[in-house]
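Just so you know, the protein sequences line up as chains A and B, in that order. Quick note: the first sequence uses my numbering, first residue -19, plus one each step. Quick note: the second sequence uses my numbering, first residue 25, plus one each step.
These are computed hints drawn from the structure, not numbers from a lab. Note that the coordinates shown come from a computational prediction; the quantities given were computed from them, not determined experimentally. The C-beta atom is built at its ideal place from N, Cα and C for all residues, glycine as well. There could be a bad hint or two in this list.
Stated by the list, open to error - In silico lysine-lysine, DSS-like type, Cα no more than 27 Å apart, as pairs: (1) A:K214 - A:K266; (2) B:K111 - A:K48; (3) B:K502 - A:K266; (4) A:K(-7) - A:K48; (5) A:K48 - A:K333; (6) A:K157 - B:K189; (7) B:K481 - B:K416; (8) A:K35 - B:K331; (9) A:K19 - B:K416; (10) B:K67 - A:K304; (11) A:K142 - A:K157; (12) A:K347 - A:K304; (13) A:K214 - A:K137; (14) B:K509 - A:K266; (15) A:K28 - B:K111; (16) B:K189 - A:K304; (17) A:K137 - B:K374; (18) A:K215 - A:K137; (19) A:K304 - B:K228; (20) A:K304 - A:K157; (21) A:K266 - B:K67; (22) A:K48 - A:K25; (23) B:K111 - A:K35; (24) B:K111 - B:K89; (25) A:K414 - A:K385; (26) A:K334 - B:K67; (27) B:K509 - A:K267; (28) A:K(-7) - B:K374; (29) A:K(-7) - A:K35; (30) A:K334 - B:K374; (31) B:K67 - A:K347; (32) B:K111 - A:K25.
As the list claims (entries may be wrong) - Derived coverage of chain A by chain B (criterion: at least 3 residues anywhere in the stretch with Cβ under 8 Å from a Cβ of chain B; other residues may be distant): (33) 15 to 22; (34) 85 to 93; (35) 273 to 280.
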Amino acid sequence: MEFRYLPMTVQDKKEMLVRIGVHSSDELFSDIPETIRFKGDLNIKEPKNEFELTKELTQMAERNVNLKSHTSFLGAGVYDHYIPSIVDHVISRSEFYTAYTPYQPEISQGELQAIFEFQTMICELTSMDVANSSMYDGGTALAEAVNLSAGQTRKKKVLVSKAIHPESLAVIRSYAKGPGVEIVEIDHKDGLTDLDQLAKEIDEETAGVVVQYPNFFGQIEPLAKVREIVDTQKKAMLITSSNPLALGYLTPPGEFGADIVVGDAQVFGIPAQFGGPHCGYFATTKKLMRKVPGRLVGQTVDENGQRGFVLTLQAREQHIRRDKATSNICSNQALNALASSVAMSSLGKQGLKKMSWMNIQKAAYMKSRLEANGVDVTFDGPFFNELVVALPKPMEEVNRVLLNKGFIGGFDLGQIDERLENHMLIAVTEIRTKDEIDQFAKELGDLHG
Amino acid sequence: MANQDFPLIFELSQESRTGFSLPTFDVPETDVEDLIDDAYIRKAEPNLPEVSELQIMRHYTGLSKRNHGVDSGFYPLGSCTMKYNPKMNEDIARLTGFSHIHPYQPEETVQGALELMYDLQESLTEITGMDTVTLQPAAGAHGEWTGLMMIRAFHEANGDDHRTKVIVPDSAHGTNPASATVAGFEAVTVKSDDRGLVDLEDLKRVVDDQTAALMLTNPNTLGLFEEDIEEMAAIVHEAGGKLYYDGANLNAILGYARPGDMGFDVVHLNLHKTFTGPHGGGGPGSGPVGVTAELEPFLPKPILTKKEEGYVFDYDRPQSIGRVKPYYGNFGINVRAYTYIRTMGPEGLKKVSEYAVINANYMMRRLQEVYDLPFDRHCKHEFILSGKRQKKLGVRTLDIAKRLLDFGYHPPTIYFPINVEEALMIEPTETESKETLDDFIEAMIQISEEAENDPEKVQDAPHTTVVSRMDETLAARKPVLSYQKS
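Could you build the full structure based on these sequences and the hints that come with them?
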């Protein structure tokens, strides 16, 4: 079998072994004790040539129902949006995707500047002072924010709304175990964080309060009121997780005095790809700048006074501080941050606002159509691009019916909260047409018949 | 190349210029103020650039030209395995049936994706010699933390609450001690001996009944195989601790040795290193974790299983450490790694390590004539040189690295591992041709000559890049982390 990625010829190998001073390559592995040396062949599939493997994997891919073959109203943290063609052309430039972390600034100005621009765009969207170069995803970014608040305030209790993404909540719980942070869940009521319970639970031991804006149910949490409650404790921080697309039209958390704002930039130029890789963002106030996890790019000058960019404030990071680092994160999601930057540049100031507005409008239209078809929309409050409906049948059954009609139905809320059994979370983005919305609302209405 | 300023995309912006093409707005419009309280409607618009599509493309094309990747030239960045990123992998990951599927679709609609994940898990299980693998962690450091949390859960399940220490060698990557801390452990250092291997006597000294685990790469960060691994495993296991394998250096031993056979209990892999998921300018990566049967109950949930009706996720895992990431891991990177494994097969993967090790030893033997070689023995996929000799001439390792830029190379990893003075850590990988290695060696020899005859040329390097050395002190002292319109 030929291996097109391996350039070593028989002659090369011979010459190199002679230069090394060994008779065979096996001698180079003689330091692996005989007892643990692997003998025989790995029991994995035999190699395939490019043509045949492409054929096989294409068939495998085609077995998946996808967001292009069907009309999807599924969101719940991962959204199908318009992705400008230019995004993939930029991130396919291999000077970007075959590079690593820009440790050598002289030959990494492209990546460094692209990240600096990404950081700027996130600051603009969130109205925060500082943003990092990216995190794995919105969920782990939120978990890091929780631990940061505990470390910074030297307090061990964080109040987390149950109206955040359930998987983010699960990740928070896993991350909190390390430093021993106590997570207190604040229930939701009428689709919003129960502010009475929040006010009751907050005390001087509270390091932070976590809400999602808009929340998992699509509802717009009243951040001003949440901030008032957080303000009853001098040290407690307000942490929000925000869909950055929503911030094109909604007042950003920074304007409500949020201390940390995180979320996922998947909505900008990144396909769903079965849940990852996406692109977490992490933004803070200036005060927390030196506590931020992950890479930060800063502007500086070179020896000739020329503007340039470098990785900076690295004393926070694992490769310098080792066990005293603010986080263990090393690899991040740089290429996806680039994709999001390109998408945000394409949309620009006007496009972003318009796209955000279209989501609000089309979701509002969905609500009116559902109501017209006799479907019970569960929550009354203002919402962004997702809404909850109650259905007369189990969701699994409903989604099967919908699938047969060409739809990928919404998220089954009964999975996460028994009070919401037979409730569906529906996402409506700018790519859904009036006809699709009309038809979907009618299908749900027909379930009642 | 002369120094050139390159405008920020914000500096190209002109009011009312557009680069977007949104879908049709075809539903009746509602007055937003009827929907949303005025206090929650944004007043000051975010200052995003207003640019045309060509301006964006030229901007990023220009930036890409100011960036060095594996496709641009040799990138022997030690411990990072900067091998070729196959183009086929990119095409497969972009197939609609892989890139445009939603993690909450019913399982029966994504059987193709689940089959790929399951088969990848099986392949990685075999390659590492472990009993089972999870694909959930997003990157190497994330895998480390996941593995340590599982070890912690294991000890706690056995009533062993007092195991608070994780041992790491002094040559370890910074993520190891950082992950230990984040998982709630105390990191304890074990010394290397003059062979460059873990000092067994020191290991015996630091191991005790508080030891939760020993974290190790093998080959280690010096590129040397820890040949006492069985004895080390016995020392740690007898004390009740677990052995953690950092898979950063797996590229050296594919088909030659398996962490599971060496006695490791937990393994993480960096699919963006050994298995060609591209590095992406810093990520995304993927960091699957493999474990022995004993630790299986503690795997993050859900786990993917194969049943008669097909592939399904199992959430009923009472002892699980919980979720470490939303959804099921960095699927897009896993698709690339899977494509690579299927391209290479057992024979190809073994050749990968054979050639990676030959390349590294060849370079080491040629370069030891002009640079100090702190550990004179066969290396594995990478090796360490010391710039001590050049330092005496006033040329530091940093200068050597910067001078290499003038030759069109990405420099090796420098000043790491921290237990070697003026370290240069060189990892050629198997995908580089002998001609490339020879050219690089010649450049290194020339630089060593310059260090003797014309040290300023090295000290003042680089001479050909778009910017010269950056003022990093200024960047840290007066941080400017985002663009401010002047």
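Hints versus structure:
no. : hint             : verdict
1   : A:K214 - A:K266  : holds (18 Å)
2   : B:K111 - A:K48   : holds (24 Å)
3   : B:K502 - A:K266  : holds (12 Å)
4   : A:K(-7) - A:K48  : violated (49 Å)
5   : A:K48 - A:K333   : holds (25 Å)
6   : A:K157 - B:K189  : holds (16 Å)
7   : B:K481 - B:K416  : holds (16 Å)
8   : A:K35 - B:K331   : holds (26 Å)
9   : A:K19 - B:K416   : violated (47 Å)
10  : B:K67 - A:K304   : violated (41 Å)
11  : A:K142 - A:K157  : holds (18 Å)
12  : A:K347 - A:K304  : violated (50 Å)
13  : A:K214 - A:K137  : holds (14 Å)
14  : B:K509 - A:K266  : holds (18 Å)
15  : A:K28 - B:K111   : holds (15 Å)
16  : B:K189 - A:K304  : holds (15 Å)
17  : A:K137 - B:K374  : violated (50 Å)
18  : A:K215 - A:K137  : holds (12 Å)
19  : A:K304 - B:K228  : holds (25 Å)
20  : A:K304 - A:K157  : holds (18 Å)
21  : A:K266 - B:K67   : holds (23 Å)
22  : A:K48 - A:K25    : violated (31 Å)
23  : B:K111 - A:K35   : holds (15 Å)
24  : B:K111 - B:K89   : holds (19 Å)
25  : A:K414 - A:K385  : holds (17 Å)
26  : A:K334 - B:K67   : holds (14 Å)
27  : B:K509 - A:K267  : holds (21 Å)
28  : A:K(-7) - B:K374 : holds (15 Å)
29  : A:K(-7) - A:K35  : violated (34 Å)
30  : A:K334 - B:K374  : violated (54 Å)
31  : B:K67 - A:K347   : holds (26 Å)
32  : B:K111 - A:K25   : holds (21 Å)
33  : 15 to 22         : holds (count 6)
34  : 85 to 93         : holds (count 8)
35  : 273 to 280       : holds (count 6)
Against the hints set out earlier in the document, violations occur for numbers 4, 9, 10, 12, 17, 22, 29, 30.
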